[in-house]
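Peer 1: Listed below, chain by chain, are the residues.
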Amino acid sequence: MAEADTRDERLFPPDPTVRAITRELYAQVKDLPLVCPHGHVDPALLADDQPFPDPAELLVIPDHYVHRMLHSAGLSHGELGLTDLEGHQQETDSRQVWRRLCENWHLFRGTPSKLWLEMELADVFGIHTRLSAHTADDVFDTLLERLAQPDFRPRALFERFNIEALATTDDATDQLQHHRRIRESAWNGTVIPTFRPDKVLDPENPAFQDSLRQLSEVTGEDATTYQGYMSALRQRREYFKQLGATATDHGHPSAFTAELNDVDAEKLFRRVTEGTPDPADAELFRGHMLMQMAAMSLDDHLVMQLHPGSIRNHDPQLHTRYGADKGADIPGTIDYVNGLRPLLNRFGNEPSLRFVVSTLDETTYSRELAPLAGYYPAMLLGPAWWFFDSPHGIRRYRELVTETAGFFNTAGFNDDTRAFASIPVRHDVARRVDCGYLAQLVAEHRLELDEAHDTAHAMAYARAKEVYDL
Amino acid sequence: MAEADTRDERLFPPDPTVRAITRELYAQVKDLPLVCPHGHVDPALLADDQPFPDPAELLVIPDHYVHRMLHSAGLSHGELGLTDLEGHQQETDSRQVWRRLCENWHLFRGTPSKLWLEMELADVFGIHTRLSAHTADDVFDTLLERLAQPDFRPRALFERFNIEALATTDDATDQLQHHRRIRESAWNGTVIPTFRPDKVLDPENPAFQDSLRQLSEVTGEDATTYQGYMSALRQRREYFKQLGATATDHGHPSAFTAELNDVDAEKLFRRVTEGTPDPADAELFRGHMLMQMAAMSLDDHLVMQLHPGSIRNHDPQLHTRYGADKGADIPGTIDYVNGLRPLLNRFGNEPSLRFVVSTLDETTYSRELAPLAGYYPAMLLGPAWWFFDSPHGIRRYRELVTETAGFFNTAGFNDDTRAFASIPVRHDVARRVDCGYLAQLVAEHRLELDEAHDTAHAMAYARAKEVYDL
Amino acid sequence: MAEADTRDERLFPPDPTVRAITRELYAQVKDLPLVCPHGHVDPALLADDQPFPDPAELLVIPDHYVHRMLHSAGLSHGELGLTDLEGHQQETDSRQVWRRLCENWHLFRGTPSKLWLEMELADVFGIHTRLSAHTADDVFDTLLERLAQPDFRPRALFERFNIEALATTDDATDQLQHHRRIRESAWNGTVIPTFRPDKVLDPENPAFQDSLRQLSEVTGEDATTYQGYMSALRQRREYFKQLGATATDHGHPSAFTAELNDVDAEKLFRRVTEGTPDPADAELFRGHMLMQMAAMSLDDHLVMQLHPGSIRNHDPQLHTRYGADKGADIPGTIDYVNGLRPLLNRFGNEPSLRFVVSTLDETTYSRELAPLAGYYPAMLLGPAWWFFDSPHGIRRYRELVTETAGFFNTAGFNDDTRAFASIPVRHDVARRVDCGYLAQLVAEHRLELDEAHDTAHAMAYARAKEVYDL
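Sequence lines, in order, name chains E, W and L.
Following our numbering, the numbering of the first sequence begins with 1 at its first residue and continues without gaps.
Following our numbering, the numbering of the second sequence begins with 1 at its first residue and continues without gaps.
Following our numbering, the numbering of the third sequence begins with 1 at its first residue and continues without gaps.
Source of the hints: derived by calculation from the structure; they are not laboratory data.
Since we're looking at a predicted model, the values are computed, not measured.
Yeah, the Cβ is synthetic: ideal placement off N, Cα and C, and Gly gets one too.
Please note that the accuracy of each hint is not assured.
[What the hints assert, rightly or not] Derived Cβ-Cβ restraints for the label pairs, each shown as a range:
1. L:57 x E:280: 57 to 65 Å
2. E:33 x W:321: 39 to 47 Å
3. W:278 x E:263: 25 to 33 Å
4. L:225 x W:264: 20 to 28 Å
5. E:338 x W:462: 40 to 48 Å
6. L:418 x W:469: 36 to 44 Å
7. W:175 x L:418: 54 to 62 Å
8. L:162 x W:466: 41 to 49 Å
Full structure from sequences and hints, please.
Peer 2: Below you can see the structure in the form of structure tokens.
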């Protein structure tokens, strides 16, 4: 099979009947625009529109999937070019960093990182060479050359990628200057913020006290009182909406929610804002504030996203030296059925609320999440998340969720990525895997072909647009 | 492929080798009689043998799989024709209810409800039209016409379905009048009760106190004393046996069992029957009574079925307005390995006891249930239950259970349904999926074809008959 | 298809494309030598090199997979030829025991036991007859005849099996006389011990006190003091190393680890060694000692293996009469992400430590183990263990682990068996399933064929050799 054909059939199930149906379904969705309602691209990238500096800065250093795997084989974060919290970068030679990736390319066999990176090199940069110690320098040089061209600047790529809308993720206190600059520029790309208030909702977040102070500053409210705090949050949500936001996002350690009356809530607020909070109080406060966020979403119609269950900073050595979000967050078990009960009891039957829930504990797909989303009008399931945004992971998601919740209680795909240039391949992987799953249903006579076409279109494009008002 | 062929191959794995073996295996089991040892059909249906009123009353209103999905898309239970606890039915026009199903038919793509309903329309009613807003009225009219014919009355369908025996599920205090009427009628169908004593075993059941009073009334024992209570239970089991019962069924919130001496048991009985019970006491009492049920089964040879782990009435709004069993029961995690330990330690090695355990927590299949059933002579596994009685669900059950427990520590299929007309298609789905799984084992040279034939027959028919003495 | 062909394709995925690639991959690994870094073969077997007594003593009585299944169907351990703790063997006629297996052969359909035993009969003994009541005596006689031949003695089989190295599992206090005898013999087979100190690390082990006394005796240290105890453990590890050991093994009930200072550790040691230990103290001590074992491994470079999560002796009747390891150990849930945190925080970033972790709770593969092993340099995943060392089990392991941890954070295969004659077929099953998985990746264009060849070789052979220094 020729190279082009091989890539054409990537991730299609091997069975000839199923593959033929997959090919047909995929043909109708592969060129649809990309709707990106949840991700972590830095908006400065598109505000500045500067060239990406080099392959290591583009593909290795910011990608925790990549450097966590290299670290697991014994390479230090310093050797991989990361800059520590004191601003020191041990390895400043990007070519060396890139070589370390290429020399260890076998570590990535079977992972989505390999898939994404190979597809990205091929589809975005036109490089079909396999990475290895032998090819490292050539590929590095080719990439460098490409990155220097105007066609490979962020905005040019945004257009080439056919991105219809891109949501970033932003602190509640962020003034969204980069978003303002994009809006005020002549460029027409749709880039919108997402309201992520973790730092002001979680008393155990190291930045909690500072963030409350900033919250007061940016709103003019006194966020040291419960009333002022709540007003400030409402004001900030409105500010985000004015800059295009259609959603909030919440990265809590658990799915715990709690119903408190105003008096108890105010007392609790005082306790958690004065000194080091008791862990039980912190959890109660987070649970209470998720409830308040749902109440506010009912008012202002922002989609509410919950991403719970990551045990952050499992490795304190890494955290102390390099900070958060560097690949040492590990999933734990999570209880949605009891945790979400207060919130769903109060808001679950509200058809206008869109409460999108994700998980890092796959055991909850069939046991809790699909049964809940398949009942409550307000609840929807986010796509397979993080470690599970992968061919097997997406397939398991569909197999474990669909029979109970169907397709239309899911919220469509999002790429959830910090790696801007990987956006199209991430969508492409999901489209391919979803088409393969739908083709299986057709081959087993559970769906007719036209039903599969319609569903593929919804999962690849229409559903995310509809759920997130994009 | 012609319509008939398409249906012939439904749910068969697409691989040509595996599909050919599946076809051969399925041909030998597809027409076997239906053995139905566990289900929720109302016996009045077969006692009265009245025509089904209309499509909505037959296919939508009583089926919580169907209306939970429609509810998840924002349709209210009132719009779906449900009657509330005060006897009010908001939507009395069945045609409207039926239209709401048809207009939202896309929600069911990939679910077993779609499969069951389409197979039921085709196989039972001869309707091959796809449901949609456009076809709703035509299908409604055709169904109405069919339902008016004598061939579509319950007993005629029972015979057409080739049901060899049908077990219902009945409260411990039920006088089984409908079963008596069936037995006293000229009709020969085998319909038997199942002893389901949840309401008299669970102090937290709202009907507990009333049920104890009824228990005294129907037995003449004083069920307010522990001795009288135990005698009454024994007497009731005997009464159910006289009307053909071969099994009990227990729907506890957990798999907790406990060994108590008589003195402590009597004290506990007094505590839980006087006023609102302490939750720990309630759990202890349920655990103790499961133990007593096993002891009684050892005496009277009733098969003991345990269905734990459903968190009932997750939505209090639904429960308050429409009551229980309306689609808002959500699974939780469950601990069989420690929970069942007291019961298995005392009774697990009794070869004459048949203790059939099911789960809504699929993580326990390979971790706990298969290892337990693959060791203890008394323990057997019930089929994939509730949300997991579906093509992927049954397949996962076989893949996760068989390698440790084999096929013969499973108890055969049961349809577990309230929806009488769906009985044959539910058996058919299980037969198809089991044949597909066995065909895979043959294609991978793990089984010879004759072994697969024999196993398919056991899983489709012989095993349930043998385990439940039918 | 002829008999030989059938066996050639055993466990290969049925899809023609995938099967062809599997065949090609498997051809390159099927004859590689066997590296066996973890197992439970009695070293006396190879020290004595006596003929195996008979089929029941070889294939039924020592194999808890086999007699647990027969027990689940109601056969007593006495009928199956087991000898109780008082030395009484109820059934002394091996032919009767063998007949009971053959009469119940259908129970094993779909299990790895059937696969292993059929492959073993065919590949090791040249017997292609299917077991049944009808064939029991013939097969018994043929096996008896084979076992009497010199070619079927343990050392001859060891050589025929092409075993490059075989590790046994030995108590910390074992003087390793059988290993000494093997080393001192003229025979060249590599048989090495593994340091398994459970009995001296677990205060709740019934043999704890006795084992501490033995520890003092064999080392000359006073193991009733904490200092003496620690010195004795170090000395014993050194002794094991001198006889070739490259690893330790730890079978704890949980994955709990704990960081204690020396003063607290010494106090704890006193508490748990004086009388019946408090359960919390026992757990704390085990957790502390896992930490100490990791510290010692950092010094002496023994690979550290952890096999947690088995709830031992679930059936007290069996345990009282026949003792431990007789098939009634049942998996429970396990928390690696919090349990291992202290150990990984202290040692996880040590590239020279090899900490190999296994699980009986498959939910942890994708949620905890792959994310941990895919980050920490010290941590590796052991192969699919015990109930999951099976075709579906190994496949699930690869599908759930690979996308996050890749292949090279796994430690290669080990057979983990007490059943010496089953060693080659266990490796063969793993090789076949791994090749099938890799072939799927190739067919879906996730790997090139040469990458799959290299990976298959690593998983079948090179990786275990490298990780365990064999």
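Peer 1: Can you list which hints this structure breaks, lowest number first?
Peer 2: Violated hint: only 4; rest satisfied.
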